[in-house]
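Colleague: Going down the list, the sequences are from chains A and U. In terms of my numbering, the first sequence opens at residue 1 and continues consecutively. In terms of my numbering, the second sequence opens at residue 565 and continues consecutively.
Just so you know, these hints were derived from the structure itself, not from any lab. This structure is a prediction, so every number in the text was calculated from the model and none was measured. Don't be surprised by glycine CBs; every beta carbon is placed ideally from N, CA and C. Misleading hints may appear alongside valid ones.
[Said to hold, decoys possible] Stretch by stretch, here's where chain A covers chain U in the computed footprint (C-beta under 8 Å, at least three residues):
#, region
1, 590-602
2, 606-612
3, 615-623
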Amino acid sequence: MTILDWGVFLVYFLGVVGFALWQSRKNVGTAGYFLANKRLPWLAIGLSVMATQASAITFIGTTGQAFDDGMEFIQTYLGLPIAMVIICILFVPFFYRGGFYTAYEYLETRFGPATRSLTAFLFLLSRGMGAGIILYAPAIVLSVILGWDEVVTIAIMAVITILYTTVGGITAVIWTDVVQMLMMFGGIAVALTALLVGLPSGVGFGDVVYIGGIQEMWTSIDLSWDPTNTYTIWSGLIGGLFLALAYFGTDQSQVQRYLTAESLKSSRLSLIFNAFLKVPMQFAILSIGVLLFVFYHFETPPVVFNAAEVRLVRESPRAEEFRRLEMEFGLAHAEREQATMALLDARHADGDLTIYQRRIASQDARLRELRVGAKDIVSDVRGSASNDVNYVFPTYLIEFFPPGLVGLMIAVIFAAAMSSLDSELTALSSATVVDFYRRWWRKDATEEQTLRMSRVATLMWGVFAFGVALYAGQLGSLIEAVNQIGSLFYGSLLGVFLLAFLVDRANEAGAFTGLVVGMTAVGLVAFFTDVSWLWYNVVGAVTVVAVGTAVSVMASRGRPLAGG
Amino acid sequence: MSERDDGADRTGGAQEPDDSGEPIGPFRTWRALYTAVLIWAAILIGLLYAFTVTLDHSAP
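Please build the complete structure, drawing on both the sequences and the hints.
Modeller: What follows is the structure, encoded as structure tokens:
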């Protein structure tokens with residue numbers, strides 16, 4: 001990075017942290033720290049909801065995934081708009097009007113303290129791990145760019161985020177998210193523009209779309225019924241719907257956002273905002289990956305994008321084998337580039353394209369084969385799977401972006417990471433303090449003690465996330481890793497909330513039993529079948545509602561009806 | 565759609581004064597807004613399917 005890049009980067013950090021702390025000056029007590037005294041406008045909350053979900057993992061991992069597999073990942077978001085409507089109708093009124101700090105508080109009013117504590121504990125467990133992975137993603141970028149050890153970069157990220165989250169609470173988090181989300185919009189536009197501008201002269205937008213189409217990179221909808229395939233319209237509409245219901249409707253990191261709204265109407269509007277914008281935004285981010293794929297038809301990409309992994313292999317006994325593979329990759333790329341240029345000439349002259357399409361497809365297949373072979377060598381040498389996919393976009397940034405814009409884009413990736421991490425930390429802190437500390441340990445805690453404990457909890461979860469981040473490198477594609485961890489618990493948590501909202505006769509015995517059976521069912525499906533992780537949420541939620549209802553009915557026979 | 569229609573009555577909590585059926589931007593009711601979201605989702609799926617079909621240039 002140049003001095004200009006560092007300047008942009010520092011201005012971002014100082015500006016965003018200063019702005020966040022300035023905004024949080026009106027916070028009063030615990031309600032200010034966790035709920036911003038319910039005075040935030042819906043647009044700010046809507047942007048924060050979006051920023052919380054759109055982490056650096058989304059930015060780095062998704063573009064890398066689209067580079068390898070095209071637009072198919074977009075299908076996982078198709079259930080989201082529908083989920084937002086359901087949450088607005090069913091979930092938000094319960095949470096908002098109850099005057100709760102956390103989603104799990106509501107469950108105690110319905111099913112008692114055991115269910116509340118178990119669901120809060122599951123949230124802490126899964127999102128604590130998720131926070132670690134969120135922290136790891138931008139550390140990758142810095143380690144590639146600066147050549148620093150990932151541990152150092154993880155530590156720097158954690159310290160800065162913990163600092164402003166601990167001091168400023170939810171208000172600092174949400175206003176930081178607003179700035180960071182706007183930066184992300186800008187970053188997406190800059191990246192798309194730079195990729196198009198960076199193409200060889202004579203290669204237009206239509207050509208780019210066409211070249212992507214040769215490898216079916218724009219394929220966004222798969223109509224097949226295959227539950228083992230994550231990327232079908234049914235997995236997206238049904239599994240994605242349940243995932244979005246669980247994430248936006250029961251995850252404290254999202255529920256806490258719309259509890260800060262000045263009214264119920266504002267709470268709902270912040271979610272509807274996301275219902276309209278989330279899929280188009282994800283389409284734009286994935287398009288960056290597809291454009292990168294096309295861009296590297298005209299520039300030679302590395303066979304493996306993770307420079308640290310390549311260095312490791314070059315110092316290993318398999319270095320010569322890797323070098324031969326790299327040479328072969330270079331030759332195959334040169335042939336594909338030649339075929340691509342010939343195709344474009346023929347296309348501009350309205351000639352027959354079939355022969356060139358086949359040549360390009362053939363070389364593409366060869367390049368993919370060589371890339372898989374190279375990654376196998378990497379995996380063998382380092383003793384764990386290569387996470388190369390997360391390095392595709394950062395590598396492009398370093399090599400091809402002009403000075404100044406590199407700093408801006410790095411700041412955007414940091415913004416994406418910090419806007420998710422800060423939300424997780426404040427949500428983890430609120431669940432720890434409200435659902436455990438003030439519920440079980442210090443019921444008579446004063447306002448001052450609670451506020452102090454809230455800051456300690458934020459710090460504690462930051463340290464935990466740091467620990468998890470150290471092992472995140474072993475998890476492969478980060479975007480899937482976060483979702484997979486969440487999916488083991490999410491569906492069952494959602495089931496408990498659905499039971500509370502929809503089944504009047506549901507009681508504590510039913511909810512607790514349903515939750516345990518639901519998680520067991522998800523575990524069995526995850527470990528003994530090939531069903532895609534996107535369906536785990538459906539399995540968990542349906543099992544909890546079915547078992548919970550049955551047990552509630554049996555337990556309440558001969559006794560007065562519970563709940564309702 | 566009134567608040568009672570959209571499930572809010574299930575809380576038994578106090579009604580918010582600004583949530584009593586007033587227009588939501590260009591939408592007259594919450595039901596209209598929710599319907600617009602669902603139509604938007606259908607349009608997005610249609611567009612993505614159109615991309616899938618029309619932008620497939622794989623070799624025959």
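Colleague: Hint by hint, say whether it matches the structure.
Modeller: Here is what the structure says about each hint:
no.	hint	result
1	590-602	holds (count 5)
2	606-612	holds (count 3)
3	615-623	holds (count 7)
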